[in-house]
Amino acid sequence: MTNKSKKFYVTTSIPYTNAPPHIGFALEAVQADVLARYHRGLGEDVFFLTGTDEHGIKTLRVAREAGRDVKDFADEMSGKFKDIVKVLNVSNDDFIRTTDEVRHKPAVEKLWKKLEKSGDIYKKKYKGFYCPGCEAFKTDREIIDGKCPIHLKKLELVEEENYFFRLSKYTKEIEKRINSGELEIVPEGKKNETLSMLKQGMEDVSFSRMKDKYWGWPVPEDPSQNLYVWMDALPNYISAIGYEEETDQFKKLWPANVHCIGKDIMKFHTIFWPAMLLSAGLELPKTIFVHGFINVAGQKMSKSLGNVVDPFELVKKYGVDAVRYYLLREILPTEDGDFTYEKFEQRYNSDLAGGIGNLVARVLGIATKISNFQFPISNKFSNFNLQKKIKEEQKKYKLAVESFKFNEALIAVWEIISACDKYINEEKLWETPSTSSGQAKKLEIINDLFLAIEEIGVLLEPFLPETAEKIKKAVDTQKAENLFPRIAK
RNA sequence: GCCGGGGUAGCUCAGUUGGUAAGAGCGCAACAUUCAUAACGUUGAGGUCGUGGGUCCGACUCCCACCCUCGGCACCA
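Just so you know, we're using our numbering here: the first sequence kicks off at 1 and counts up by one.
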C-alpha cells in the first residue's frame, strides 16, 4: 500500500449546545468514524474533525433559564459532546468549538474579510417579527396568530440593518458543480432536492444580527453587529485545520473529502457553504453525505414526548459496539430509522450474540477443547470455496463502504460468518477423525476458520473497533472471552 | 397548493432495460445436531407486489386516475 500521500479529511456537523447529545448525533459520529477508520486502514493520511456549535439565541436562552452564565453553560454542554464521542469510541483527531478564540474566531474574521473583498457583503434592512420575551426573531412557521407560541405575546415588526451575503450570485455555479459531480451529494434524492432549490433561485441571506440580539463573535470593524450562525458555524471546517494562517495542515487537508450531516442542515451545506467558499476563492468539499433521522418507536424524538434516547445510557447498558452495530446495521444510512429496545435486543441477540459472538466462541472451543491446534499452521486457506466466498464478500464490503452503504458492508461480513458456521457443520468438526489424514485435515479446517475470523476482525475494525481488537486477541492467544452475552428474554 | 421519494411476506428491506425469481435477513414452526452464548444448520408456512383502469402475447416492473405515507418549498438550526 502506498496511500501514505493520499489524505482523507472527514467531518461531522457541529451539534448545537442547547441540549445534551442524543442518539441522532451518535449516528452521525459513528458513520463518520467508520469512514475515518476505513480510510486509515487503507493507509491514507486521515483527519477526522468534530466539535460543537455554541453561539446563538437558544443556548443563551437555555442558559439564562437555568440561571447560568452562558459560556459556562456552553462549556458544560460541549464537554458532554466531547464525552459521548469518546464513549462511542469515535476516533476523531480534533474537536473544534465555535467559541474557540484562538483558532475559530480569527478564521471566521478572515473569511468574512474575504467575502467582503469579493463584494459579496452588503448592508440591507432586515425585517422580521421579534419577540421580546424570546429576544429573538420568529420565523413565519413559528408564528401563530401573529403571536409568539411561547410567550403568547403580540410580536413586534422590527426592522434592523444587517449585513447580507450575496448568495444569489453563486447559485448557477453551484448548480454546475453539482451536475458535473465536482460537488457530490449523497444520496441521489438529496442531490435532486438541492438542485430543485437552486433552480428556484436563492435570495441573499443575512450574515449578521444586532449585537444585543445575538450571542456571537462581532463583525470585524463593526462591533455593533455579531456574526450570524452561517458565518459562524459553517467555517468550523476550515478554522479547525488552520485556515487563519493557511498552515501546511490546511493546505494539505482542504478541501474536505466528506462532510457528514443530517438532512435538516442540508441546504446550508450544499448551498450556503459552497457559495461562501466560492466567494472566498476556496475549493469546495468533494462529498456531502446526508443521513436521516432516528425516530423512537415510530415517533419523532422530542423532549415533550419524553422519548429522547440517551446514548450514554445505551452504551452503559449494552456496550459500545452493540450501540455502534445497531446504528450502522439497523438504521439505513440515508433513510430515517427507528429505535426501540425490542429491535435493539433482537438485533443484538441474533447478529451479535448468535452470529459473531457465537462463532468466535465456537471456533476457539473446537481448537482448544477438541484439538490441540496451534495457530497458524498455514497462512493459506485449504478450502477453496471458503476463500472464494471471503473474497467475494470483501469486494462487496469495499464497494458498500465507499458508497456509504454501511449496512450493506456489515451484511457482507455476516455472510462470511454464516459461511464459517456452515463449514463447521458440514465438516462435523466436533467429531474425532479415525485416521491420521483425517486428523490432519481437521487441523487444516480449523486453520481456515482462524484465518476467516482474523479477516472478519479486520473488516469489522471500522465498525466495531473494540470487538475487532478482542477477535485479534482471541486469535493470538487462542482464548476468547464472551464477546456478546445473550440477553435473556 | 407546488415539487420529489415511497407504498413488495408479521418486521426491515432487495427486486437491473417488462417474460418460469416474487426474493433476503430477522421473527415464527418443524427437523437434525451438540463444538458453541437453548447456539449453529436444514426445511417449511406466510404476499392477489397500495387501489381501479389501460397498453401488451405477457407487468411488481410502462401509461392514466385515485388513496395513503414521508420529505422539500428559502434565514429554527
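Simulated from the structure, these hints should not be mistaken for lab results. Accuracy of the hints is not assured; some may be wrong.
[Unchecked claim] Result set (PhoX-like, lysine-lysine): computed pairs, CA atoms no more than 25 Å apart in a straight line: (1) LYS105 <-> LYS82; (2) LYS343 <-> LYS191; (3) LYS105 <-> LYS251; (4) LYS380 <-> LYS398.
A quick look at each hint next to the structure:
Proposed proximity of LYS105 and LYS82 is supported: the alpha carbons are some 20 Å apart, at most 25 Å. For the hint linking LYS343 to LYS191, the alpha-carbon distance of about 31 Å lies beyond 25 Å, and the restraint is violated. Taken as a hint, the LYS105 and LYS251 pair is honoured in the structure, with Cα atoms around 19 Å apart against an allowance of 25 Å. Using a Cα cut-off of 25 Å, the hinted pair LYS380 and LYS398 holds, with the two alpha carbons roughly 22 Å apart.
Of the numbered hints listed earlier, the single one contradicted by the structure is hint 2.
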